[in-house]
Amino acid sequence: GAVVSQHPSWVICKSGTSVKIECRSLDFQATTMFWYRQFPKQSLMLMATSNEGSKATYEQGVEKDKFLINHASLTLSTLTVTSAHPEDSSFYICSAIDDNSNQPQHFGDGTRLSIL
Amino acid sequence: AQTVTQSQPEMSVQEAETVTLSCTYDTSENNYYLFWYKQPPSRQMILVIRQEAYKQQNATENRFSVNFQKAAKSFSLKISDSQLGDTAMYFCAFMKHGYSGGGADGLTFGKGTHLIIQP
Numbered sequence: 001g002a003v004v005s006q007h008p009s010w011v012i013c014k015s016g017t018s019v020k021i022e023c024r025s026l027d028f029q030a031t032t033m034f035w036y037r038q039f040p041k042q043s044l045m046l047m048a049t050s051n052e053g054s055k056a057t058y059e060q061g062v063e064k065d066k067f068l069i070n071h072a073s074l075t076l077s078t079l080t081v082t083s084a085h086p087e088d089s090s091f092y093i094c095s096a097i098d099d100n101s102n103q104p105q106h107f108g109d110g111t112r113l114s115i116l
Numbered sequence: 001a002q003t004v005t006q007s008q009p010e011m012s013v014q015e016a017e018t019v020t021l022s023c024t025y026d027t028s029e030n031n032y033y034l035f036w037y038k039q040p041p042s043r044q045m046i047l048v049i050r051q052e053a054y055k056q057q058n059a060t061e062n063r064f065s066v067n068f069q070k071a072a073k074s075f076s077l078k079i080s081d082s083q084l085g086d087t088a089m090y091f092c093a094f095m096k097h098g099y100s101g102g103g104a105d106g107l108t109f110g111k112g113t114h115l116i117i118q119p
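As given, the protein sequences belong to chains A and B, one line each in that order. Under the numbering used here, the first sequence has 46 at position 46, and the numbering climbs by one with no breaks. Under the numbering used here, the second sequence has 102 at position 102, and the numbering climbs by one with no breaks.
The shape of chain B in the complex, shown without the other chains (with noise of 0.2 Å):
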């Protein structure tokens, strides 16, 4: 079975800061992808980011990148610029690779961390 930890409950920044949000996993599988969700108030889930295991280039998407060491099972999150609308839950989660046309696992996540920005 997999876990994911997520240290940070809450962090607030002020707004164009650059945050890191910190994830931890463990897992005996070699291949997975781990992804960052955000979920606003709405509660809708809302992909940020993903990245998969076997690729050594950590992904960017606009103002979110990750450091992923897979080594030290570690998949932190990097927002720059930080926005208001930046305000949310974010959830690390991981999947075991694999995933199309039957056969698929569900997403292990993290307990999520509130981040704030502060105007």
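Pulled out of the complex, with its shape left as it was, chain A reads as follows (with noise of 0.2 Å):
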């Protein structure tokens, strides 16, 4: 089936560092991924969509040079949170969506991130 690699899958790291999460798409190309983000006991929530060799897409409220998304190839999107803060600690899950398939988004096994 088709698989969808994140890592790190837990990261500590002080405040003010930056912090790079990758996306692979195993066995499939994927042109869009997505970016969510999980609060503790709350849902998820999108955050940016990624395309392939554009610039990505971030919902309202969502601040694009806090959260750099950079999608070089079919099968890899990266999320990188600059200059992190302890309000940005939180639960980081991608998905993507196989080109060749009608078959909905696969999720990665998402990020926890806390910054100190």
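Some hints could be false.
Claimed, not checked - Cβ-to-Cβ under 8 Å is the rule here; a few derived chain A residues that face chain B:
1) Phe28
2) Thr32
3) Phe34
4) Ser43
5) Val62
6) Thr80
7) Ile93
8) Phe107
Claimed, not checked - Calculated cross-link-like contacts (lysine-lysine; reagent style DSS-like; alpha-carbon spacing at most 25 Å):
9) Lys111/B <-> Lys78/B
10) Lys96/B <-> Lys55/A
11) Lys64/A <-> Lys20/A
12) Lys73/B <-> Lys96/B
13) Lys55/A <-> Lys20/A
14) Lys73/B <-> Lys111/B
15) Lys70/B <-> Lys96/B
16) Lys78/B <-> Lys41/A
17) Lys55/B <-> Lys78/B
18) Lys111/B <-> Lys41/A
19) Lys70/B <-> Lys64/A
20) Lys70/B <-> Lys55/B
If you're looking for bench data, these hints aren't it; they were derived computationally from the structure. C-beta atoms are modelled at their ideal positions from N, C-alpha and C, and glycine is treated no differently.
Both chains are sitting in their own frames, so use the hints and assemble them into the complex.
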């Protein structure tokens, strides 16, 4: 079945550092990937849509300079949290849509980000 | 914009019982997909079932079935013969139709229902 690998699964870092999260489709090409954020005991909220070869589309209220998205290939999208602060601590999940299938979004296993 | 409402924050049933989780949504779209996702404590998102809005027949996957009422914008999930492993958060989600090769939309999720299956 379709597999999406997300790395790292857990990261702890100091306030002010930047953190990069990778989302990789292992056995299919994905022109479109999505980034979601989930705070404890809450639902998933779409942050941005990542399209290969073009600029990401951010949801209202999501700072594009804070959350940098790069989708340079059909199998990889990255989310960089720049100058992270404790309020950025959250669970970040990516998903990808197979270009050659009518299947819905395939999710990565998520990244738990803790900013000290 | 779409909204998805799950009015049951938590439900608890005995093992082997049948349970129904409710979901309503609001949209002006005519073509869309509806999903139920399961999120266990591992936080992995597991697709339980999906429904295409243009299909009148309710989707079924083994013990899981939906009651899709398009006019009422209702999409409930029925779990039959519930098992301990069904304990998890369940999210109802909406997505506009048209999603391969670029130009797709992300999912809009409800707030979730925490389902507890008691032994």
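Here's how the hints hold up against the structure:
1. Phe28: Result: violated, 11 Å to nearest chain B Cβ.
2. Thr32: holds, 5 Å
3. Phe34: Since the shortest Cβ distance to chain B is 4 Å, the answer is holds.
4. Ser43: holds, 5 Å
5. Val62: violated, 12 Å
6. Thr80: Cβ of Thr80/A sits 19 Å from chain B, so the hint is violated.
7. Ile93: Where the cut-off is 8 Å and the nearest Cβ of chain B is about 7 Å from Ile93/A, the hint holds.
8. Phe107: With a closest approach of 4 Å, the Phe107/A hint holds.
9. Lys111/B <-> Lys78/B: holds, 18 Å
10. Lys96/B <-> Lys55/A: Roughly 21 Å between the alpha carbons, so the hint for Lys96/B and Lys55/A holds.
11. Lys64/A <-> Lys20/A: Holds, at about 14 Å.
12. Lys73/B <-> Lys96/B: holds, 14 Å
13. Lys55/A <-> Lys20/A: Since the Cα atoms of Lys55/A and Lys20/A sit roughly 17 Å apart, the hinted pair holds (cutoff 25 Å).
14. Lys73/B <-> Lys111/B: holds, 17 Å
15. Lys70/B <-> Lys96/B: Cα-Cα ~14 Å, so holds.
16. Lys78/B <-> Lys41/A: holds, 23 Å
17. Lys55/B <-> Lys78/B: Given that 25 Å is the threshold and the Cα spacing comes to 18 Å, the pair holds.
18. Lys111/B <-> Lys41/A: holds, 9 Å
19. Lys70/B <-> Lys64/A: Measuring from Cα to Cα gives roughly 36 Å; hence the hint is violated.
20. Lys70/B <-> Lys55/B: holds, 10 Å
In this structure, the hints that do not hold are numbers 1, 5, 6, 19, in rising order.
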